[in-house]
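Visitor: What follows is each chain in one-letter form.
Protein chains: 2
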Amino acid sequence: MKISCSKTALMNGINIVSKAVSTKSTMPNLQCILIEASPSEIRLIANDIELGIETVIEGTVTEAGKIALDAKLLSDIVRKLPDSEVLIETNANYQANIRCERSKFNIPGTSGEDFNYLPEIEKNRYISLSQFTLKEVIRQTIFSISDQENTKIMTGELFEVTGNTLKVVSLDGHRISVRKVELKESYEDMKVIVPGKTLNDISKILTGGIEDEILIYVTDKHILFEYENTKVVSRLLDGEFYKIDHMLSNDYETKFTINKKEFLDCIDRASLFIKENDKKPIVMNIENSNIYLRIDSSLGSMNEEIEIKKEGQDLKIGFNPKFLMDALRVIDDDEIDIYMINAKSPCFIRNADDTYVYLILPVNMAA
Amino acid sequence: MKISCSKTALMNGINIVSKAVSTKSTMPNLQCILIEASPSEIRLIANDIELGIETVIEGTVTEAGKIALDAKLLSDIVRKLPDSEVLIETNANYQANIRCERSKFNIPGTSGEDFNYLPEIEKNRYISLSQFTLKEVIRQTIFSISDQENTKIMTGELFEVTGNTLKVVSLDGHRISVRKVELKESYEDMKVIVPGKTLNDISKILTGGIEDEILIYVTDKHILFEYENTKVVSRLLDGEFYKIDHMLSNDYETKFTINKKEFLDCIDRASLFIKENDKKPIVMNIENSNIYLRIDSSLGSMNEEIEIKKEGQDLKIGFNPKFLMDALRVIDDDEIDIYMINAKSPCFIRNADDTYVYLILPVNMAA
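Protein chains in written order, with the numbering used here: chain A, 1 to 367; chain B, 1 to 367.
The set of hints was computed from the structure by calculation and includes no laboratory data. Even for Gly, the Cβ is constructed at its ideal location relative to N, Cα and C. It is possible that part of the hints are untrue.
[To be verified] Per the computed footprint, the stretches of chain B lying under chain A, defined by three or more beta-carbons under 8 Å from a beta-carbon of chain A, are:
(1) 65-77
(2) 102-108
(3) 257-268
(4) 301-308
Full structure from sequences and hints, please.
Guide: Written out as structure tokens, the structure is:
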């Protein structure tokens, strides 16, 4: 194999596929990047079995071929190269010779014969949306997945398409996040559970904006994200997702509208007095046109009031401040509506057209 | 005590004095900030015995008094306050009531009666220089102090004034860094050893530029840095600093001029192949008008050549790449001169007027 490309193109490609390099496994192929040069293109591939990524980079192929190189070493070398043309040439012993200006490196590689290519994905069922929208719905829901491997399904997110609506749901037993997005056209229904790690990784490598489309294909076992020169394939999580519709009731006894930033900052201040491990809730009194927060702990006390527009009953209710802050941080609206029933029922933060719903369970105030 | 000030002024003051708050001690006073309000000014003080800092912040004193508050809690609270006026009021039980807009905090404090004030420093011997210059000389020497507490003197830096010259020296047994600065006027001779931690801390809190002066006073035991509204007092290290003049020979057998960035980047790339703990040097061959670097390790190999302007003998010599990179990173010149004698004698990176000299011992290439 003999190829040349710019340092920038190579570095970008390495950064993209590196998300699918295993950091835990000791199987050499899972820690490698395969460089595959066909007469027409240079392809980088990494695959840790759960997640596989391939991307095509711009460059010139003088001699087709392939080689698998240690991802970390390759990445470290390329990062430290001058911003210039890079030449990679392999010999019969799978040594790679990397040259850039007057730097010459030799590093050992392997043939790539037993490399795990990305699985072939049948392209029947798909949707198309903008890269920006995909990143946004992930950001606005990913915080409420569970990190407990014993509730495997909760470590992923439901992606459900009905007609022209994409609904993304995550939940961890204490809260549920739902985001709905209107797609440009209608698609065949789909319902899959995507691993949270895959969604975090795809979020990090997407650089595109509102105008840049991404295609998402699904099969029974896999999901494929395809955009520009890059393909990301992930296994799906097996099983049925939790039924949540009956939990998202529209009934309420108390509804109030509050300035999001004031509310978030106030809870953030109050949380100073809550130590990591004690389960003390932050208690709020919703009374007339104010919400009163008061917290007392061994460290000190705080109280603060915020003006609200209220409908319905007064209420005293307690929450884990982290759960409230997580949801408030990802909402872009300046003013938000919060719905409550009583001190033991979940609260809902939702907007008028239901494009987002955050359900949060209260904490028993006697705790 | 009853005072008010802007959140910004209070936060800046807390950030400055926090450098002298102990993170290790369990003595409450060492973890506190003393707020002392006299009729004319508001003063914040922290002192961990090695280092003491006080700063005066702008604000209004309604009732003079003082209180010692936990530094971390105070800092966390103030950071999270809205950007507005802050009121602090204490009661007879040394509870502090902190108010800002609609937030009200109560935190416990102590009287501050047994607080460690900064020691009185006799202001006989001093120098004046710009804050920018002080930060620069610290940055350009601090990397070669020792972190070994058993060679206490090496954990500090020599500050030596002779006439109108300030000389700053640090060394760790493998290398010596010397920076000389011309002061605007001549001062009485002084020679003190300043703890490295103090210099790191003062570097971080100085925000001033070339035009902003700082005064440095010394006594037998202490050094006082005084600028704007802030005083920083540190203990000095006891003992005699190492005599280094006889080591800084001007003799050489090989001298070359090299582009600093090319040299630094090349060593940086080569260091990829040196694992943290093996003592393998990076070997360079200085031959005619080139320097050849070659490194071979179990990870792979690299070689590279850089053009130089050479006088004197060819030479093959090995170095710990970190020591070379540390020095090269802090030198601002584009082209640098390096002087060598033989493979077992130190090399010197120095400029024509000797405002900097970096001595680095070579590594035995058989190692």
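Visitor: Counting residues of the region 257-268 of chain B with a beta carbon closer than 8 Å to any beta carbon of chain A, are there 3 or more?
Guide: Our answer is that it holds, as 3 residues pass the Cβ test (under 8 Å) against chain A, meeting three.
Visitor: Counting residues of the region 301-308 of chain B that have a beta-carbon nearer than 8 Å to any beta-carbon of chain A, does the count reach 3?
Guide: Check passed, 6 qualifying residues.
Visitor: Are there at least three residues in the region 102-108 of chain B whose beta carbon sits under 8 Å from a beta carbon of chain A?
Guide: n = 7 at 8 Å, threshold three: holds.
Visitor: Establish whether the coverage given for the region 65-77 of chain B by chain A is satisfied; the threshold is a Cβ-Cβ distance below 8 Å, and no fewer than three residues must meet it.
Guide: This one holds; 3 residues, not fewer than the three required, reach chain A with a Cβ under 8 Å.
Comparing the model with each earlier hint shows no violations; every hint is respected.
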